[in-house]
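Okay, here's what each chain looks like letter by letter:
2 protein chains.
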Amino acid sequence: VKCEVVAVGTELLLGQIVDSNSSWIGEQLALAGIDSFFQTKVGDNLERMVEALETALHRSDAVIVTGGLGPTHDDITRDAIAKVMGVELVRDDELAGRIRAMFEVVGREMPDNNLRQADLPEGATPNPIQPGTAPGLICEVDRGGAAPKMIYAVPGVPWEMKKQITGGVIPDLQERAGVKAVIRNRTIRTWGRSESGLAEILDEEITRLDHTGAATIAFLASGWNGLLVRVTAKAASGAEVDEILDTEQARIMELIGDVVFGFDEDTMESVVLQDLRDRGLTLGLAESLTGGLIASRITAIPGCSDVFRGGVIPYNRELKVSVLGTSDIPAVSEQMAIEMAEGVCSALDTDVGLAVTGVAGPSPHEGHDPGTVWIGLCINGRTDSAHLSFRYDRERIRQFTCISALAFLRNRLLSGDREI
Amino acid sequence: VKCEVVAVGTELLLGQIVDSNSSWIGEQLALAGIDSFFQTKVGDNLERMVEALETALHRSDAVIVTGGLGPTHDDITRDAIAKVMGVELVRDDELAGRIRAMFEVVGREMPDNNLRQADLPEGATPNPIQPGTAPGLICEVDRGGAAPKMIYAVPGVPWEMKKQITGGVIPDLQERAGVKAVIRNRTIRTWGRSESGLAEILDEEITRLDHTGAATIAFLASGWNGLLVRVTAKAASGAEVDEILDTEQARIMELIGDVVFGFDEDTMESVVLQDLRDRGLTLGLAESLTGGLIASRITAIPGCSDVFRGGVIPYNRELKVSVLGTSDIPAVSEQMAIEMAEGVCSALDTDVGLAVTGVAGPSPHEGHDPGTVWIGLCINGRTDSAHLSFRYDRERIRQFTCISALAFLRNRLLSGDREI
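Read top to bottom, the protein sequences are chains A and B.
Everything in the first sequence is counted per this note's numbering, starting at 1 for the first residue and increasing by one.
Everything in the second sequence is counted per this note's numbering, starting at 1 for the first residue and increasing by one.
Among the hints, erroneous ones may be present.
Treat identical chains as interchangeable: a pair holds within one or across any two.
Said to hold, decoys possible - Pairs of lysine to any residue, SDA-like flavour, derived with a Cα cap of 20 Å:
#, residue 1, residue 2
1, 83, 138
2, 163, 362
3, 180, 236
4, 163, 14
5, 234, 10
6, 180, 234
7, 2, 16
Hints were generated in silico from the structure; no laboratory data involved.
All of these numbers come straight from a predicted model, not from anything done at the bench.
Next up, chain A with everything else stripped away, as it sits in the complex (with noise of 0.2 Å):
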């Protein structure tokens, strides 16, 4: 089976919004082992959306469509697809009450123009799966072949497209498809090495996986989630697909294992959290430079509340002197950042306080260039610093200070264990 993706929007041909929604789905059909050899862009412009499908129906098999479902006059997924279909447009009375139940539930009167996301194709059914007020639809299209051809429309908003792919398109695709090879991958999470020094170190297993052709290694940069390292394999079942997984990743450990923080869906705060989770130590934090950004991801994570117990954004100097209590010294420096760690603990009596303290610029401070940074760190009373210097803008700089302090914590947390 091929399926083809259409994404809708006028404003992704002006860019006013990359199209992301494509990409991901396009990763989804490749894991899901269906082929996949176009994807289009088209606005919210009827005879080309029409135009747009018949091209896509008439190359491939399948098309999943993402955006156009919303309640407004320029959402006209559903017009586009009746007309492909040759049908009219018919209110489900079902999801008429559906809709206007969500409403309710909240409290809000659902103004008359949400109706129309309960107008359906002839013919067309609701995808099982619906988030968010916009019905997904799954519309059979003859096309005199022996099975129809397939239109699954999803909406544009990306946690809604997301939950429909997974939870309807892609096992009503597989099925129709009799889809029986596995695709699966693994995602190795590193920090603390290049990505062409990761390649080196690699190179050799990269060939002889060439030569054998049981996996496929790449590397994707991924800012502060990491520099990751993917292992795809393909077999004739999940379970043989696995074992190649563990294989391989048993041999990239022992290659690169110690830049290694995480596996797949980890992330450098949420495999911190267990490190200090399995110790027994609550956390604080003491954000300058970074403004809040460590805590934010920290507490992005449900259940942080019993390692987590607050931080102080001190990021006026004299705030690190007054809620701190550092001395009154400059705010860039290894000292300041060590005392904002010791000051974190006794204001919020944590037993580990992790501090940041720098340039992110695009100023310099202080008589210190932007992306200088200084990690200080107290754990029972023990104190610890590095030094960064990133030259990058102050996005970044924040950003990448946020998973390299993590980082730091993690690896004290680990070589602690191993002085005992």
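Using the hints, position chain B against chain A.
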């Protein structure tokens, strides 16, 4: 003249790279007044690249192809174009010499592969701009029309691509098209009303514009960056376009001005920072449920330190009492939100204290459902509060709380002005 974009690369289809090149090119075309109705992604496969090019040439007058001009064997854009033109590839000795010279300048030996980059489809001319080793191609394709159809090939490497587009492709396209029209847009940022609610209010105006054709209005939900209303206009000169946009903006402001917080690149936090700066007020934050998210957004803005003194993240309830001096009351309550706001004014010595407390989920807390949020505000000793109730997941509860809390502060500053 209609010009499509075709992005080449299997990694784009597999979702390993998001195709931001096409978005950027789309924006340049729009700004240059050139219609662009379709964008396509296709893998490194000769037959399918030819198919994508043929489809594009059929629908449009010109195609910009990005990617596949490198020196390796899977770089076959040159071959695909030659096939579409019905000609052979011919080595251009002058180009070959230029590429060789680039390697000599940096003291490296040229791999033989790179000579492939000097192979041009017969009749094609190189793009006059060549920042890297990959020459761009300008190709006339005779399809029997009065004017030839055009294929422009540019590299996939963003900085090389951008220079070739602005320096070579757009000027050639505009000259051939005799384009004079200028297209610009304006983004009006709102918070506080649903998309369908806005659409209903603006319905008459949208219908009116449909008739006059002077401009178009589109809605764009962008999460915690607000719900955007985008006005796009086209005219013969920049001055005329700006006049249309100004007029349209004024009309829209009359209708929905109460929920508009900014324009174009404004963000809620940049607008609030400026509102505070204008009034000579300093800000402190007490973030429980958002855990530093508001502070991290504010400190992302260079120069925020004249207004923003700092914040406290009393994630654990004990810290609300010990650090902010609140009463020993439940965390999820109006009284707690107000006392946190007062407490942060004292603790951080600020004019304004903004506090949020509530339940981010996924589990209930203190008997309250996820999405239960209290905002507390203290401006020069005068307190205020607001209650929110979201039915989203953890991340969106936190994000929407951020923009809602800042919007609440902003509205109080504005209504304070009105009272005086």
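Hints the structure violates: just list their numbers, smallest first. Nothing - there is no hint that the structure violates, so all of them hold.
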